[in-house]
Amino acid sequence: MYQVGIDIGSSAAKAAVLKDGAVVRTLLLSTGFSSRKTADEIYQTLEKEGITKENAVYVATGYGRISVPYANRSVTEITCHGKGAWHLFGKNGTVIDIGGQDTKGIALKNGRVMKFIMNDKCSAGTGKFLEVMTNRLGLTQSELSGLAAKGNPITISSMCTVFAESEVISLIGKGTPREDIANGVIESVVTKVVSLINQVPGEQYFLTGGLCEDEYIVERLSHALGAPVESMPQARYAGAIGAALMAEE
2 MYQVGIDIGS
12 SAAKAAVLKD
22 GAVVRTLLLS
32 TGFSSRKTAD
42 EIYQTLEKEG
52 ITKENAVYVA
62 TGYGRISVPY
72 ANRSVTEITC
82 HGKGAWHLFG
92 KNGTVIDIGG
102 QDTKGIALKN
112 GRVMKFIMND
122 KCSAGTGKFL
132 EVMTNRLGLT
142 QSELSGLAAK
152 GNPITISSMC
162 TVFAESEVIS
172 LIGKGTPRED
182 IANGVIESVV
192 TKVVSLINQV
202 PGEQYFLTGG
212 LCEDEYIVER
222 LSHALGAPVE
232 SMPQARYAGA
242 IGAALMAEE
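All residue numbers for the sequence shown refer to the working numbering, where the first residue is 2 and numbers rise by one.
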């Protein structure tokens with residue numbers, strides 16, 4: 002039997018397929034307007050590869066987990082992200098998951114979630130904030146981080162994405178160099194994430210979610226936390242992997 006975890010987030014939907022304890026397939030889609038439609042697309046894609054209701058167990062998690070009608074069960078995202086991170090990193094520490102609508106901090110010990118914290122959805126320390134800012138600056142996430150590394154520090158202080166965007170528009174109007182604005186955007190996110198994560202401190206940290214391959218953000222988080230932050234490309238799928246592990250159980 003296959004074990005399939007489906008993590009429907011506010012911005013991206015991820016799926017992970019396990020067989021005999023190993024990840025054999027991952028899938029990434031934009032969540033789009035309809036979580037139900039996205040969930041159906043995931044099933045259809047996997048069905049074409051021979052993974053069906055007859056030979057797989059499905060567990061859904063994330064923002065849109067109720068939109069997966071074929072799931073055998075649904076599980077909270079904290080549990081799944083914790084399990085997935087433990088599977089990937091296998092160490093005690095704190096998971097940092099920067100999602101589209103929220104950021105989570107999850108303290109792990111021997112594979113168990115000991116404590117967790119989530120931010121306010123209006124906080125600027127989320128993936129949606131970065132998406133809004135990259136669009137405003139006409140950049141991709143990779144380009145934003147590349148410019149930020151070359152920029153001088155400036156402060157973007159607003160806690161709300163709408164007001165922070167107004168700050169950026171004002172800076173653009175003043176002729177502030179784009180690399181300085183990019184630096185301010187990244188540092189704003191890092192500052193707010195670290196403020197949250199300090200409530201579930203660890204000796205080491207693991208970055209999951211959509212920013213897991215952004216080396217500059219990993220570097221800035223490590224610097225701000227004063228401790229190493231580890232990541233890997235597969236960490237984007239931590240929630241889905243955790244859900245698949247729940248299916249195995």
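What the hints contain is simulated information worked out from the structure, not anything from laboratory work. The reader is advised that the hints may include incorrect statements.
Said to hold, decoys possible - Subject to a maximum C-alpha distance of 20 angstroms in a straight line, what follows is the list of computed EDC-like cross-link-like pairs (lysine to aspartate or glutamate): (1) LYS92 / GLU188; (2) LYS129 / GLU204; (3) LYS54 / ASP21; (4) LYS151 / GLU216; (5) LYS110 / ASP215; (6) LYS151 / ASP215.
Checked hints:
1. LYS92 / GLU188: 27 angstroms, violated
2. LYS129 / GLU204: 28 angstroms, violated
3. LYS54 / ASP21: Roughly 17 angstroms separates the two Cα atoms, so the pair holds.
4. LYS151 / GLU216: 14 angstroms, holds
5. LYS110 / ASP215: Outside the cut-off at roughly 26 angstroms; violated.
6. LYS151 / ASP215: Given that 20 angstroms is the threshold and the Cα spacing comes to 15 angstroms, the pair holds.
When held up to the earlier numbered hints, the structure conflicts with 1, 2 and 5 and fits the remainder.
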